[in-house]
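Following the hints, position chain B against chain A.
Protein chains: 2
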Amino acid sequence: MSDVQIIDVSPRDGLQNEPVVVSTEKKKKLIEMLVRSNVKKIEATSFVHPRKVPQMVDAEQVMKQCKEFAGIEFVALIPNLKGFQRAIQANISEVNWVTAATETFNYKNIGMSIDENFAQFKRIVQESRILNMKVCFSIAVSFGCPYEGEVNPAKVISLVERAVEAGADRIGIADTIGIATPKQVKRLLAEVLQVAQSTPIAIHLHDTRGMGLANAYAALEAGVKIFETSASGIGGCPFAPGAAGNLATEDLVYMFERMGVKTEIDFEKLLEAADFAASLTSNQPLGRIRQVEKRGSLR
Amino acid sequence: MSDVQIIDVSPRDGLQNEPVVVSTEKKKKLIEMLVRSNVKKIEATSFVHPRKVPQMVDAEQVMKQCKEFAGIEFVALIPNLKGFQRAIQANISEVNWVTAATETFNYKNIGMSIDENFAQFKRIVQESRILNMKVCFSIAVSFGCPYEGEVNPAKVISLVERAVEAGADRIGIADTIGIATPKQVKRLLAEVLQVAQSTPIAIHLHDTRGMGLANAYAALEAGVKIFETSASGIGGCPFAPGAAGNLATEDLVYMFERMGVKTEIDFEKLLEAADFAASLTSNQPLGRIRQVEKRGSLR
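Each protein sequence line maps, in turn, to chains A and B. With the first letter of the first sequence counted as 1, position 271 gets the number 271 in UniProt numbering; the numbers rise by one all the way through. With the first letter of the second sequence counted as 1, position 256 gets the number 256 in UniProt numbering; the numbers rise by one all the way through.
This is chain A alone, in the form it adopts within the complex (with noise of 0.2 Å):
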């Protein structure tokens, strides 16, 4: 048994933001190589318009590949309604809403108000409850916003409280441009986690100034066990600027495992898979270990 659970959103949050579509079958073969290093929980792509997003316009083929790896869970992010429609279509059995802790970045992002996207919200957790589809809800910008600046800790803490009243399954709290502070991770995540009660909270990691592991260590601290990070540090929000940097999954994995904390993922294959996931991108990946010469008894 593992001590947290990591969700590898490289094939989504870490593609989403390349210029270069990339090809169906190389989505394939990174998910592939993520589930070898046993990463049990992948967000393999989103169901948005691909005039929004390019690179997600094979959703369907992407989730329709991910059906032959058994006993992994693959989740897909949903936007708005439409999205539902096509998950529901392409038979899934996890999808994540994104909602923006500020009404600007949810003008941006998704192009409504923060209410309206909430009533959707509630909409589609009534529906996936008869389809046996287990429904997220992930609130972006929670610490800090491109456009409004820090977000005040109340303003997610009101929506984790209507998340929890209306049924989500988990709910994620993401620092969509690496702007947290370790203080700010602990102090929110710890709240979070007491009004949240029993729903499952993740936390969403941006490595952009380089607190990433600093707040992931952080987030463990006040009791979060769910942790959303991509291989090799790819990614980013392609509506907020500057957001470039996935925390690499790599990096709290070595964290992790160094630290006692179990997270059931083999190393090596991991760095195969964050090789691949760099190899698929235009930027310079983020991650460190990679940078690091091998150095046996230190590994």
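A few of these clues could be false.
For chains that are exact copies, the list does not tell them apart, and a pair is met inside one copy or across any two.
No farther apart than 27 Å at their CA atoms in a straight line, the calculated lysine-lysine pairs in the DSS-like style are these [stated by the list, open to error]:
| hint | residue 1 | residue 2 |
| --- | --- | --- |
| 1 | LYS183 | LYS262 |
| 2 | LYS183 | LYS225 |
| 3 | LYS122 | LYS183 |
| 4 | LYS183 | LYS269 |
| 5 | LYS269 | LYS82 |
| 6 | LYS40 | LYS155 |
| 7 | LYS28 | LYS108 |
| 8 | LYS183 | LYS40 |
| 9 | LYS29 | LYS40 |
| 10 | LYS269 | LYS52 |
| 11 | LYS29 | LYS67 |
| 12 | LYS28 | LYS122 |
| 13 | LYS108 | LYS64 |
| 14 | LYS262 | LYS108 |
| 15 | LYS29 | LYS155 |
| 16 | LYS108 | LYS26 |
| 17 | LYS134 | LYS183 |
| 18 | LYS67 | LYS155 |
| 19 | LYS183 | LYS26 |
No wet-lab data here; the hints were simulated from the structure.
Leaving out everything else, chain B in the frame of chain A:
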């Protein structure tokens, strides 16, 4: 008043590993830029044999230049009695003695056993009392050693006890190869602070595996108030393979200030110093903040 003290070690740890010798003039300029950014304490050079570390051949000249900067504390690293004699000749007020936590590293770094090294330290503390010099005691590879692997915390605690007894004016716990985890840091530093009682404790951080800020946060949580970092993250140890990358001063200042931990450092001027530091090295600088697009409101 600042909440923490930051000792910038870029002129010493940052440059000592560089293949091309940086001119005294450029070193002075780096120091001047750090002073302008309101860094109050700088490790400026080391009195080490120029055959071992050619970059530090101008230690005397650098320390002489430093005398121009009133109100700033300058430190010089010394590896042995010869270095101490040179420091006395140069009429400097604070030296930093280094002993490693492992015998192998101590031999590779200083060429003697820990006990021999410690006997010399005791002698220099006695001499320094007469000369009104401060003598700090740094423990290299306190968490992990490239030759011996994991380091037993009891070894570090024992050295801290001996250094306190000998009369060290400050004790530095160094993660020379950037291998420490925040869990290790928090545990070890809490114990070190207890053992050290009134002797100030510094932590010297590298960011080799991206854990630098996580470790800084863990040290702060443990009660540490003194942090050794390097502008732009330049640096590494010539006797520690793969140690590349001190924690970047600007990354630490950014995180601390955003956490409400006052550093009293002028961030914009620090970035200028970091850019200059980076320009002196042949490696890709590791600091993250400089890689992030400027976005006013969240800076």
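Consistency of the hints with the structure:
| no. | hint | in the structure |
| --- | --- | --- |
| 1 | LYS183 to LYS262 | both (24 Å within a copy, 14 Å between copies) |
| 2 | LYS183 to LYS225 | both (18 Å within a copy, 16 Å between copies) |
| 3 | LYS122 to LYS183 | neither (32 Å within a copy, 40 Å between copies) |
| 4 | LYS183 to LYS269 | between (33 Å within a copy, 25 Å between copies) |
| 5 | LYS269 to LYS82 | neither (36 Å within a copy, 49 Å between copies) |
| 6 | LYS40 to LYS155 | neither (32 Å within a copy, 39 Å between copies) |
| 7 | LYS28 to LYS108 | neither (30 Å within a copy, 48 Å between copies) |
| 8 | LYS183 to LYS40 | between (29 Å within a copy, 25 Å between copies) |
| 9 | LYS29 to LYS40 | within (16 Å within a copy, 52 Å between copies) |
| 10 | LYS269 to LYS52 | neither (33 Å within a copy, 39 Å between copies) |
| 11 | LYS29 to LYS67 | within (14 Å within a copy, 61 Å between copies) |
| 12 | LYS28 to LYS122 | neither (32 Å within a copy, 63 Å between copies) |
| 13 | LYS108 to LYS64 | neither (30 Å within a copy, 57 Å between copies) |
| 14 | LYS262 to LYS108 | neither (38 Å within a copy, 34 Å between copies) |
| 15 | LYS29 to LYS155 | neither (39 Å within a copy, 47 Å between copies) |
| 16 | LYS108 to LYS26 | neither (29 Å within a copy, 47 Å between copies) |
| 17 | LYS134 to LYS183 | neither (31 Å within a copy, 34 Å between copies) |
| 18 | LYS67 to LYS155 | neither (37 Å within a copy, 52 Å between copies) |
| 19 | LYS183 to LYS26 | neither (39 Å within a copy, 37 Å between copies) |
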